[in-house]
Amino acid sequence: MVNKYPNLRCQVATTPDHVRDAMILRSICFVHEHGISPSFIFDGNDHQATHFVFYDGEEPVGSLRIRWFADFAKYERTCFREKYRHPFTVKRCIQMTFDHVARKGYTKVLTQAEQRLARLWTILFDLEIVDGPPVEIAGHPEPYLTVVGTIPASSDPITMESSSALLLRVEGQWDAPSSFETA
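In the working numbering, the protein residues as written are 1 to 183.
Some hints could be false.
[As the list claims (entries may be wrong)] Quick list of in silico lysine-lysine cross-link-like pairs, DSBU-like style, CA-CA up to 35 angstroms:
| hint | residue 1 | residue 2 |
| --- | --- | --- |
| 1 | Lys74 | Lys108 |
| 2 | Lys108 | Lys4 |
| 3 | Lys83 | Lys104 |
| 4 | Lys104 | Lys91 |
| 5 | Lys83 | Lys4 |
| 6 | Lys74 | Lys4 |
| 7 | Lys4 | Lys104 |
| 8 | Lys74 | Lys104 |
| 9 | Lys91 | Lys74 |
| 10 | Lys108 | Lys83 |
| 11 | Lys91 | Lys4 |
| 12 | Lys108 | Lys91 |
[Said to hold, decoys possible] Using C-beta positions, here's what the derived DEER-type ranges look like:
| hint | residue 1 | residue 2 | range |
| --- | --- | --- | --- |
| 13 | Ser164 | Ile137 | 19 to 29 angstroms |
| 14 | His34 | Leu124 | 36 to 46 angstroms |
| 15 | Asp71 | His32 | 10 to 20 angstroms |
| 16 | Asp175 | Trp68 | 12 to 22 angstroms |
| 17 | Ile129 | Thr182 | 45 to 55 angstroms |
In short, the hints are calculated from the structure, not lab data.
As the structure is a computational prediction, the values presented were derived from the model and not from experiment.
Here a beta-carbon is modelled for each residue, glycine too, at the ideal position from N, C-alpha and C.
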């Protein structure tokens, strides 16, 4: 398959501009296109999550957030602009986040999605739908199914034994010395 978007990149939201882009994408995809209540889409968990924005060059095309629990990373608010909702593009973008998740020491991932999107996660990432009752959410036409799976472990996870300098660096920029480090 020809790579339709060769300039796709994944950015951890570390600046106000990145966070703005993530929120704009969610507004477009969830609130405008699907009529989902902003109070559900923008909740108190935004301040505890790691946000990712996917860019085609400099153009924001998708976003998601990850919340961190004891032994798994939970993918939430995954959205892509309509032009970029091709399974190949979605797969490339979400796989880029798996490296980040694994680097933080996680190998288990979870998401909750409507049935058709839950199925997409199972096909694209070899995850499994949990056998249990779906979650009913007010204002959503379909219940959410829980999808879980395992991603490859990092060969260099960040641990308590990682260097002190690395532990001070900006999220996702662990391998590059920061401006405050001295030689």
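Just to be careful, I want the Cα atoms of Lys91 and Lys4 compared with a cutoff of 35 angstroms; is the pair within it?
Status holds; Cα separation ~13 angstroms.
Taking 12 to 22 angstroms as the hint, is the beta-carbon distance of Asp175 and Trp68 inside that range?
Because 20 angstroms falls inside the window, the suggested range holds.
His32 and Asp71 - C-beta distance against the hinted 10 to 20 angstroms:
violated, 36 angstroms
Lys108 paired with Lys83 [C-alpha distance capped at 35 angstroms]:
Holds - the C-alpha atoms of Lys83 and Lys108 are around 30 angstroms apart, at most 35 angstroms.
Beta-carbon spacing of Ser164 to Ile137 - inside the hinted bounds 19 to 29 angstroms or not
violated, 43 angstroms
Satisfaction of hint between Lys4 and Lys74, Cα-Cα up to 35 angstroms
holds, 28 angstroms
Holds or violated: are the alpha carbons of Lys108 and Lys4 at most 35 angstroms from each other?
Between Lys108 and Lys4 the Cα gap is close to 30 angstroms, so the pair holds against 35 angstroms.
Going straight from one Cα to the other, do Lys4 and Lys104 come out at no more than 35 angstroms?
The given pair, whose Cα atoms are some 30 angstroms apart, holds under the 35 angstroms limit.
Against the 35 angstroms threshold, does the CA-CA distance of Lys83 and Lys4 hold or violate the hint?
holds, 11 angstroms
Lying within 45 to 55 angstroms: is that true of the beta-carbon distance Ile129 to Thr182?
holds, 51 angstroms
Is the hinted range of 36 to 46 angstroms satisfied by the C-beta distance from His34 to Leu124?
violated, 21 angstroms
Against the 35 angstroms threshold, does the CA-CA distance of Lys74 and Lys104 hold or violate the hint?
holds, 13 angstroms
Of the numbered hints stated above, those contradicted by the structure are hints 13, 14, 15, listed in ascending order.
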